[in-house]
Structure formats: C-alpha cells, structure tokens
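Novice: Protein sequences appear in the order of chains A and B.
Under our numbering, residues 1 to 276 are what the first sequence spells out, in order.
Under our numbering, residues 1001 to 1294 are what the second sequence spells out, in order.
Hints in this document: simulated from the structure, not taken from any laboratory.
It cannot be assumed that every hint is accurate.
As the list claims (entries may be wrong) - In silico DSBU-like cross-links for lysine-lysine, where the CA-CA straight-line distance does not exceed 30 angstroms:
#1 A:K115 - B:K1096
#2 B:K1154 - A:K47
#3 A:K10 - B:K1064
#4 B:K1067 - B:K1211
#5 A:K186 - B:K1099
#6 B:K1096 - B:K1007
#7 B:K1038 - A:K9
#8 B:K1038 - B:K1007
#9 B:K1067 - A:K9
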Amino acid sequence: MKGRWEIGKKIGISLSVILTVFWLIPYIYVICCSFKPGSEVVAVPPKFFPQVFSVENFSGLFERMDAASFLINSLTAAVCSTVIALILGSLAAYAIQRSGAKLSTVLVVLVLCLKMIPTSSIVVPVYELICELGLYDTKIALIIVYAAINMPFVMWTMLSFYEGIPTTLDEAAYMDGASSLQTFKKVILPICKPGLATAFIFTLFLAWNDFLVSLLLTSTNAKTFTVGLAGFLSAYNLDLGPMCAGAFLFSFPVMAISLAAQRYIVQGMTAGAVKG
Amino acid sequence: MRLISRKTLLLFFLPGAIFMGAFLIYPIITMVIDSFYKIGITGNRTFIGLENYIHAFTAGGFLKQLKNTLLYIVIAVGVETAIGLLFALFFELNYKGSKIIRSLMMTPLMIAPLVAGLTWKLMMSSSFGIVNELLTRIGILSNSSDILWLADEKWSLLACCIADIWLTTPFMMLMILAGLQGLDSSMLEAAKIDGANMLQQVFYIKVPVIKPVLLTALSVRIIDAARTFDIIWAMTEGGPNSSSETISIIIYKTLTRYNDAGYASAMAIIFIVVLVAFTLIFMQSLWNPKKKIG
C-alpha cells in the first residue's frame, strides 16, 4: 500500500515538472528567438534553439524605435500612477471600511462595479476629456488615467486587508486623542505594509502592461513600450526578431520581480477569495 | 462607537472619488447621453432615441460579436478551469524543490497580455511558426500550412483562446491551490480509510471544499475574458472577416475606424450593464456587503 503511494507521488512529481517545462515553452521560445540572427527568426522550417548566437535583434530594436525613452515613459507612468492610486485608494478604502454608515455599503458596491468596467468601452470619452484638458500625448495624462482606472483595484485589495485589523486598535488611538488621519497614518498603515506591497506590485504591473490607454492617449512624446512593440505588428516579417528582443526586454523585469515578490502576488490574487 | 464620522468618510473618499469620477463615471454618463444620438464625423448630433440600441440587436448589429464573446468565455474559462484544477492537484504535492516548480509555473501570471498575444502570433505563424512545425513533426498535420491559425475563420477565435489559456491557467491553479489549503486533512484520511479512490477523493472532498474559491475565481475570469482586448488585438485585430471579433474589439473599431460614437456608446453601455449585473448577482450569493463591513 505504502509502495503504491510512493510510486503515485513520483509520477505526480515528474508530471508537474513536465507540465511546468511545457508551460514555459512559449517564453523560452521568445528568449531563443531574441538571440537568433534576424533571418533565423523567420527561417522555414523554424528551429527552436538559435543555431548562431547573436544580439543583432537587440541592436535592431534600438535602431527601429526609441526603445529607451519608451521604457522610461512606461516606467514613469507606471510608478507615478501607482503611488497616487495607492495613497488615495488606501485612504478612501480605510474610511469606507471603518465607518459603519449605510453610505459605505453603497460605496463598496460602487467600487466593485467600477472595478468591472471594461477599459475598452470607456477609453474614448476619456480620450476626449484628455484632449479638452490639453494633455494629449503627455505623461501626465497617462499618470492620472492609470491612477483613476486602477484605484478601484487598490481599494478592493485594501478593504480585505483592513478587515483583518481589529478595530480596538483604532479605538485605542482615538482614546489617546489621535485624529482619524493620524490614526490612519501612524497606526493602520504600518500594520498594512504587506497589503500595501501587494496593491503596489499589482497596480504597477497593471499600468506597466497596459496597452489600450496608451495606444489612444499618446502619439510620440509619451508613447509607452507596449505601443512601440505593437508597432512591429503591421511591419514586415523582418521585424519579428527585434519584436522578440523587445518582448524579452519588457517582460524580463516583470518576471524577475514577480518571482522575488511572489508572496505578495499570491496574496493579491487570492485576497477576498479565501477569506470571503 | 462610530470610529469615522460621515464627514470624515466623505473627506477621505473625496480625493480618490475625484479621479474615479473624472475618468470612470463621467465617461459613462457621456456615453449614456451619446447613445441616444447619431453622431457624424464632424460632430453634428441628431437625436434618434433608442435606434442605436435597436440597431445593436438586429442583423448587422453586434450579435455575431456577442456570440464570439460568449464562445471565447466558454472555451477559455472552461479549459482554464479544467487544466487549472488538474495542475493544482499535481502541484499540491510537497517535495524538495516543489516551491521552485510552483514559482516557475506562475511566471506567466504577470506577463503583459499584449506580449502574450505577440508571442503566440509568432508561434502560430503558418510558415515559420513553431506550433505547426511541431504538429507536422509528430504527424498530426501533413503540411505545416494545413492549419492557418490566424488567417482561417475557423481557427482564429480558438487561436486567441489558446493564448488566453496559456496566460491565465496559472491564475486558476493559484486560486484552487489557495482553496485546497483550507482542506482538513483528517477528512481525506477518513475517506481513504473508507476506501475512496483518487477520483472520489477529488470530486467528493476536494471540489466541495474549494467551491467558494472556485466560484470567485470563475467570476473574475469570466469578466476578464469578456473584456479581453490586448490579446485579440495583437493576434488578429478581430479578423479575418470578424471571425474573432469580440464586443471589446467591435466597440473600439466602431469608434476609431467607423467613427460612429453614438452606436459605439450604446454597445458600450449594454456591455457595462451586463457585466455589472453579472458581478452583482454573482457576488450576492457569495458575499454579503453588510458582513464585510463590521
């Protein structure tokens, strides 16, 4: 009986290793392609591993688009919008969670509904608004729009974290004469660091990975990397090599960070689902 | 004791509300108004009542896109759930190095949908794509151009689904793994003693335990699949011949290519109402807002 269980476990282990390798194939393929010479990427029949190692695609990428400044645009927009969304979102969520008012129930439902709105359907009124404000093709436009559309997500994540903090802490601070804002800043936020980290990483990736908003709101100055990358789509097959190099360059930091901060990502994904 | 007065609540909520009001609520209000007008390219508006809404549901409207969206949801989310469950059962095993394997498995989680779309577009190319080359080598296809994944109306939607499945199965697996942690091991032991086999253990003990988590994950995924844009845009832009066009894509196209803001607004409003209604109905059975706010 024991022996059978051991064999079963061994089969399970080998299967999970095989599945993982299988699942990573698309990614490994992109990495392989980015280190092939350009012509080999579109060779017929295709080879999985590079026959000749080359960094031609990376130099091609930087020749064909202003990759460095696109990356900087992506990074600035992502970081700034995340900071805004995090500060305002966590404050608002705290007030909603702690006030027992009927109004707060309405607000929670509102936040949930806002979180479900498909970006693709609201971008055009947003585009018109940004144009009216004279912010078209600026980083500020990207920052405020990302901050706004990611805020419901921050609030939703933080709500489930605040829930786990006993209200006696707030009461103690209140007794000591702290104002609501002081209680929030000095008592609640320090305890919520893991929650904030989770919301930060998620929102950062949401903004970094965004394509649609940047596609509509930018043209040259504030163009982000994803839009630049999509520019290779309409181009000829020759550009697929640089495209792979770009995809690799763009996703590598994301994968590195998500491996390092996996605890927070798992928390963010399952927030609210498990505790329910 | 009420910790936060109504005034403080509004004061704390206001800064965030200004952002959300300007870029989430205001656009929706604009669209509700626009949806009753016929808006020309020059911006001239004529009030036409409900005509845009009626147009959406008649031939030439968005019924085809609605069907595509539903198909996309059913295929992508269905397969993700099945594979995710299967993976979770394998990955639940603890052994030396299991953590590393699990971490590696979860790496696609955070990749940009656009990048996923581009990657699969490259892999599914008919001439130099690795997918068809592989299928030819193992003998499923006789020629690598037998299946034109992205150029054939029969396959294009499925191709987009495959990219989506690759990107989000790890999410399903993660949620199910989290749910399985709540499993009381004594229940499994008891079932084993009673002679339950592997399958019985999975379907009579594990699945009921993870049901709440599974339902939440399903609702999240259904909504995300419904609003998928980047993957489909990167792979096919909705083509060929609208065969992979979903509602997100048609709304965007109506606005930017056909310049019909009124009709696009009507479709967007229908879409938002359906998604919000779905969320509220789904969540209500699982989650009680009053309980959440103590």
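Novice: Could you run down the list of hints and mark each one as holding or not?
Specialist: Consistency of the hints with the structure:
As the CA atoms of K115 of chain A and K1096 of chain B are separated by approximately 39 angstroms, the hinted pair breaks the 30 angstroms bound. Proximity of K1154 of chain B to K47 of chain A is assessed by CA-CA distance (about 27 angstroms); at most 30 angstroms being required, the pair is judged to hold. Annotation: proposed proximity of K10 of chain A to K1064 of chain B is violated, straight-line Cα distance about 48 angstroms (limit 30 angstroms). For the given pair, K1067 of chain B sits about 28 angstroms from K1211 of chain B by alpha-carbon distance, which is consistent with the 30 angstroms threshold.
Between K186 of chain A and K1099 of chain B the CA atoms are separated by roughly 36 angstroms; this puts the pair beyond 30 angstroms, and the hint is violated. A C-alpha spacing of about 55 angstroms is found between K1096 of chain B and K1007 of chain B, which places the hinted pair above 30 angstroms, so the restraint is violated. Between K1038 of chain B and K9 of chain A the CA atoms are separated by roughly 64 angstroms; this puts the pair beyond 30 angstroms, and the hint is violated. Using a Cα cut-off of 30 angstroms, the hinted pair K1038 of chain B and K1007 of chain B is violated, with the two alpha carbons roughly 43 angstroms apart.
Simply put, K1067 of chain B and K9 of chain A have alpha-carbon atoms about 43 angstroms apart, too far for the 30 angstroms limit, and the pair is violated.
Hint compliance for this structure: hints 1, 3, 5, 6, 7, 8 and 9 are not met, and every other hint is.
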